[in-house]
Amino acid sequence: MGFSVSGSAALIFVAAFIGFGMFYSAAANSTEMVNDARETQSDRQLERTNTEIEITTVNYNTASDYLNVTVENTGATELSVSDVDVLADNSYQTGYRTAVDGDTETDLWLPRETLAINTTTTPQPSQVKIVTGPGVAATAEVV
Amino acid sequence: MASVSVSHLILFIASMMIAASVAGVFTSSIGQLSGAISEQGFDVSSDVRTDVEVISDSGSNAIYNSTTETITLYVKNTGTERLAADPGVLDILVDGQFVTDYTVTRAEGGGAWQPGTVVRLDIQQSLDGGDHRVQLTVNGDEEVFEFRT
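So the sequences go chain by chain: A and B.
Once you know that position 6 of the first sequence is 6 in the working numbering, the rest is easy, because the numbers rise by one and skip nothing.
Once you know that position 129 of the second sequence is 129 in the working numbering, the rest is easy, because the numbers rise by one and skip nothing.
Don't read these hints as lab results, they were simulated from the structure.
Ideal placement from N, C-alpha and C gives every residue a C-beta, glycine not left out.
Among these hints, one or two may not hold up.
[Unchecked claim] Where chain A lies over chain B, by a calculated footprint (3+ residues, C-beta under 8 Å):
id: 1; stretch: 54-68
id: 2; stretch: 111-120
[To be verified] Pulled a few chain B residues facing chain A out of the computed Cβ check, cut under 10 Å:
id: 3; residue: M16
id: 4; residue: I30
id: 5; residue: G31
id: 6; residue: E108
id: 7; residue: D128
Isolated chain A, as found in the complex:
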């Protein structure tokens, strides 16, 4: 009688041990994934808070249909030129030319630097919106 009790107790104990192992690894992995995601989210939030842009000039050349926009990075975050979106009258612009302080090759748009955007659009849009990678945007009227 005594041996059957200890035998079954040992079996249940081994099962509980295996079960706890499975449960612990799953719970630890989940917590780690969620914590990583939360950290990334707070980093993103900080980046967004530190981002600010200001449209300095908007010109439209009626002869060549060129829309020239200059935007200054007035925040403290380094932005990516490839993540910048340009909307002219809610029409998404593609294939536009960019230059950061005269440099057309760079993808970095650092604080206090000015990004010049040159795009061809017709007819003349009434307003333009520039959106940065973190989602911070600025709008201006086309003159």
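Please build the complex by placing chain B on the supplied structure of chain A, with the hints as guidance.
Only chain B this time, still in chain A's reference frame:
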């Protein structure tokens, strides 16, 4: 005396069988629970990583096209989660009404809706003049966009 040993043997086998079946049920239940916890962790982390922003210019008159009865919105992926550029990932409400007639296309190029990229939403909905609101839900992230027609 032999009968005592035989009955002990029978009781031993019976108790071991019961213990083994209890242990089997126990471990398989814990296995299922662990699987569910892993999936939930994955879902919550992808919800937290998801962040989208409607970047359309609400001051523009070109949001709603009254001829084609289409609302055009541009939505940027500002999070770190790669999303699918297809209608299955989005839930759209226009003035509180659930809309199913819409298309999602990448604004520039094709493929998935990577972080930093933009999709174009064309929602087929007839609107009267006045104020309107569109609510988008992507992985639990809700965005409201208000405009005037």
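Hint check results:
no.	hint	in the structure
1	54-68	holds (count 8)
2	111-120	holds (count 3)
3	M16	holds (6 Å)
4	I30	holds (4 Å)
5	G31	holds (6 Å)
6	E108	holds (5 Å)
7	D128	violated (20 Å)
This entry does not satisfy hint 7, going by the numbered hints stated previously; all others are met.
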